[in-house]
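S.K.: Chains as they are written, first to last, in the numbering used here: chain A, 88 to 201; chain B, 22 to 131.
A portion of the hints provided could be inaccurate.
Straight-line distance between alpha carbons at most 25 Å, and here's what the computed SDA-like set of lysine to any residue pairs gives [claimed, not checked]:
{"id": "1", "chain 1": "B", "residue 1": "K63", "chain 2": "A", "residue 2": "D150"}
{"id": "2", "chain 1": "B", "residue 1": "K84", "chain 2": "B", "residue 2": "L34"}
{"id": "3", "chain 1": "A", "residue 1": "K155", "chain 2": "B", "residue 2": "K90"}
{"id": "4", "chain 1": "B", "residue 1": "K90", "chain 2": "A", "residue 2": "T188"}
For the record, the hints were derived by calculation from the structure and aren't laboratory data.
Computed from a prediction, not measured in an experiment: that's the story for all the values here.
Each chain is listed here by its residues.
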Amino acid sequence: DAGVIQSPRHEVTEMGQEVTLRCKPISGHDYLFWYRQTMMRGLELLIYFNNNVPIDDSGMPEDRFSAKMPNASFSTLKIQPSEPRDSAVYFCASSLTGGYTEAFFGQGTRLTVV
Amino acid sequence: EDQVTQSPEALRLQEGESSSLNCSYTVSGLRGLFWYRQDPGKGPEFLFTLYSAGEEKEKERLKATLTKKESFLHITAPKPEDSATYLCAVAWNTGNQFYFGTGTSLTVIP
């Protein structure tokens with residue numbers, strides 16, 4: 088398996104624009120997590136899915152953020168409109184059985200909003 | 022509130038100088054504790070999973086241990102290539118998500 092695949096690796100956008108981050112989890116993993124990493128706050132959980140259903144989105148900072156998982160092999164995180172404070176590295180991770188087994192991370196998307 | 026705390030924030034070692042990193046947690050029912058290594062510009066790379074107090078896991082120069090309140094990552098005779106940020110994460114019995122500490126940045130000097 089190629090592991091968790093994220094795209095794009097880097098994204099630079101202007102404030103107010105819509106940004107869509109994409110993730111392909113490891114095949115067979117039932118859990119998918121979206122994290123945001125910054126120097127100040129470390130790794131923060133934004134939302135996670137179980138069998139394509141959003142379970143906990145309490146970490147999503149504002150209504151500007153939304154996430155979907157239309158099928159078992161694809162998820163998106165959308166920010167609309169984007170703001171400079173959204174600049175961070177966004178990671179997607181997947182796990183076979185949630186908190187019982189380890190999560191595997193993608194390489195991340197470095198988002199810069201100018 | 023459940024928390025995960027890692028110490029020290031940063032550690033500089035001479036090559037060959039063994040040391041330990043700490044991950045402490047407030048317990049509300051631990052489901053699992055996970056150690057990761059993160060290199061600059063990359064995603065966290067899984068190292069170990071520990072489930073119960075007294076459990077130990079080893080891989081090359083790394084050994085992870087777990088007690089009821091904390092976990093240690095022991096690094097024996099480190100090499101420069103061990104330089105990275107080491108993260109620990111916990112999963113509680115109340116949910117399926119992983120909560121991460123802020124990490125220890127390790128630098129091993131040749």
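S.K.: Run every hint past the structure and note whether it holds.
M.R.: Now the hints, each set against the structure:
1. The suggested pairing of B:K63 with A:D150 is violated, with an alpha-carbon distance near 28 Å, which exceeds 25 Å.
2. Distance check on the hinted pair: B:K84 and B:L34 sit about 17 Å apart at the alpha-carbon level, within 25 Å; holds.
3. Pair hint A:K155 plus B:K90 does not hold up; C-alpha atoms about 36 Å apart against a cutoff of 25 Å.
4. About 20 Å separates the Cα atoms of B:K90 and A:T188, which keeps this hinted pair within 25 Å; it holds.
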